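S.K.: As you go down the protein sequences, you meet chains A and B in turn. Per our numbering, the very first residue in the first sequence carries number 1; after that it's consecutive. Per our numbering, the very first residue in the second sequence carries number 395; after that it's consecutive.
There's no promise every hint is true.
Below, computed lysine-lysine pairings styled on BS3-like, alpha-carbon distance capped at 27 Å [claimed, not checked]:
(1) A:K394 x A:K380
(2) A:K243 x A:K271
(3) B:K444 x A:K268
(4) A:K132 x A:K394
(5) A:K380 x A:K350
(6) A:K271 x B:K441
(7) A:K32 x A:K302
(8) B:K714 x B:K648
(9) A:K56 x A:K98
(10) A:K376 x A:K350
(11) B:K444 x A:K271
(12) B:K444 x A:K243
Partner residues aside, some chain B positions facing chain A, computed with beta carbon under 7 Å [claimed, not checked]:
(13) P451
(14) Q455
(15) G463
(16) Y497
(17) F503
(18) N561
It should be emphasised that the hints constitute simulated quantities derived from the structure, not laboratory data. These numbers come from a predicted model, not from an experiment. Glycine residues also receive a C-beta, built at the ideal position from the N, C-alpha and C atoms.
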Amino acid sequence: MNTDVYNESPVVHQPAFIDGHSVEIPILKILKQDGSIYENATMPEIDQELATKTYKTLAFHRVLDERMVAAQRQGRISFYMAALGEEAASVGGAAGLKDQDMIMAQYREQGALMFRGFSLEDFMNQMFSNEKDLGKGRQMPIHYGSNELNYMTISSPLGTQIPQAAGYAYGQKMQGLDAVTICYFGEGAASEGDFHAGLNMAAVHQSPVIFFCRNNGYAISTPSDEQYVGNGIASRGVGYGMKTLRIDGNDILAVIAAVQLAREYAVKEGKPVLIEAMSYRLGAHSTSDDPSGYRTREEEAKWQEHDPILRMKNWMLAQGWWNEAQETELFEKLREEVLAAVKVSEKIDKPPVEDLVTDVYDQAPPLLQEQLEQLKVHIKKYPQAYPFTAGRIK
Amino acid sequence: MAQMNLLQAINNALDTVMAENDRAVCFGEDVGHFGGVFRATSGLQEKYGKNRCFNTPLVEQGVIGFANGLAAQGSTPIAEIQFADYIFPAFDQIVNESAKFRYRSGNEFDVGKLTIRTPYGGGIAGGLYHSQSPEAYFAHTPGLKVVVPRNPYQAKGLLLASIRDDNPVIFFEPKRLYRASVGEVPEEDYQLPLGKAEVVQQGSDITLLAWGAQMEIVEKAAEIASADGISCEIIDLRTILPWDVETVANSVTKTGRFVVSQEAPLTAGFASEIAATIQQECFLHLEAPIARVCGMDTPYPLALEKEYAADHLKIYEAIKNSMNY
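Bound-form chain A, shown alone (with noise of 0.2 Å):
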């Protein structure tokens, strides 16, 4: 039993409650809109050959969202989620990283995705549900999934990766791994009732874990202040005796920076961190809502200046490892790459219809079989109603 709380808090003798904002909690910034660093900063470890990967992939990343956007306009994918303007929150994220270390994400995160290597082809292959996909044409576009890359595989339903997340760190500190998990999610979905079972978990047992919340200002329409009363999110983590930083999230070197610091703390402590990023979800929550209906263009306008992929270009620019020349080359490229992979990607074939009865378990059970073979003798009878398949039946 754990009798510290009744033997050493302070004692009082009249009532009096403390306030609900008692703990005073600082952001970190480390690098300023225009490329310089605040004074007295401490710098991530980060050399030229790590910023220039960082920088290609927001670049990248930018360029495949502003691209899939229009795709699904054209009605040539279903739907489609940007992380424009919170960009540096995922690709700094895994910046900070090693690669063993494994990511579950929320949805909004296809930028830590991309830092670690998953290809133009994989992507596209997702979001058309092709029968090159991974995900087996299963998912809605953007869960991705890759276990080859230490990226799990995205799940709609929100907050259901966090528990998860102390369970496989607890796992890999059992195995005594060099190795950490780290888990995102948004302030929206630290309001269901994971967020406080997994932090809780991970804090009890003592799992590895590196809590990202991107608390991006909205929950499809709701504002944050709606979504909670306390200091944000980072408040909570006190709650549950937990390692706790807040910093911007839009600037790349303090996302890398406090990134860093966790995974160092929680392999050598093997102990969970929470960070909340403060951030700005500059688009739409997906293309199936317009953010003119819950919010004002001035406000958007504002947190425009504060764009993570210009201040860390100003920044390169200021190292001399950056030119505009070399800006305009990569940005032109990236364009004529996605555009070019979408063309190849929307004609491969749908997933065979074999693929509807497999992984459900490792082995389809009789009954599963049997559904399959009066499937195929159905689509033969009517093959018109079933073109992706009916084709390619044997």
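Using the hints, position chain B against chain A.
M.R.: Relative to chain A, chain B alone:
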């Protein structure tokens, strides 16, 4: 062979797995030093350490979420939900996560090593919230396996098979029989097959089907019926999902009459699914309508649990009605 009760058989199975597999981990509320409220995990923390057998905070969705993550990572989590009545906070983690992990990732990831143990069922004066049989909710979820043992021998063999099976399994333990059911159980390792029903008594007039604690009720009804000269074939379904249609259909084809009994309420219970399939498979062989003998469509009662329950007399009546149809 040793005499064991059902709890000892389960404890013995867990001990067997933890000894052979150092990545097997048992956890849940009060599971650690205390050994679980029913003592199913007794002595495991002492033997295998606090890292492998431990108490969790009181949060079922956290227990199963944590277990899903551990399984995805390659460990072998054996999570306990203290009562099946309290599994519902974890429903999302089980139905949307455990069951779909492999499918949604195209087999990039899976939680096949996950086993969830939970005591279920009534007849112990437990009222609404210590008596439920929620197997049908999970039977409606492709990707899960649902297993229910009827006695200590079955419990050890089926639990070992469930833990080693490469799919997430919910293992419902008939808590009324935890100490009441005692039998011969081999000390050594053995497994019983999942997805296979067992004909526990051959007969020629009518087929009786049940699972878990309901098996002994059905056997009692069959005994009374045999005094009337009725020969009952009795089948233990053992695995609810995926279920063994063939064994049941073969039996009903032979006997022409079929009574299926479950503790859970009648409407939309798993007995209904079985009845629908068997009438399709055996339509021309049926001599009487298929009868379902189940709990009533009420929450599980307390003072009136005898009246509520699908007891041996209600089953006996259903047998006679079928024979006289």
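S.K.: Now tell me, hint by hint, if it's right for this structure.
M.R.: A quick look at each hint next to the structure:
1. A:K394 x A:K380: 10 Å, holds
2. A:K243 x A:K271: 9 Å, holds
3. B:K444 x A:K268: 20 Å, holds
4. A:K132 x A:K394: 20 Å, holds
5. A:K380 x A:K350: 17 Å, holds
6. A:K271 x B:K441: 25 Å, holds
7. A:K32 x A:K302: 15 Å, holds
8. B:K714 x B:K648: Answer holds: B:K714 to B:K648 is near 18 Å, not above 27 Å.
9. A:K56 x A:K98: 18 Å, holds
10. A:K376 x A:K350: 16 Å, holds
11. B:K444 x A:K271: With a Cα-Cα distance of about 16 Å, the restraint between B:K444 and A:K271 holds, given a limit of 27 Å.
12. B:K444 x A:K243: Since the Cα atoms of B:K444 and A:K243 sit roughly 24 Å apart, the hinted pair holds (cutoff 27 Å).
13. P451: Given a least distance of 5 Å, the restraint on B:P451 holds.
14. Q455: At 5 Å from the nearest chain A Cβ, B:Q455 passes the 7 Å test, so the hint holds.
15. G463: 3 Å, holds
16. Y497: Status holds, d = 5 Å.
17. F503: 6 Å, holds
18. N561: Cβ of B:N561 sits 5 Å from chain A, so the hint holds.
The earlier numbered hints are all upheld by this structure, with none contradicted.
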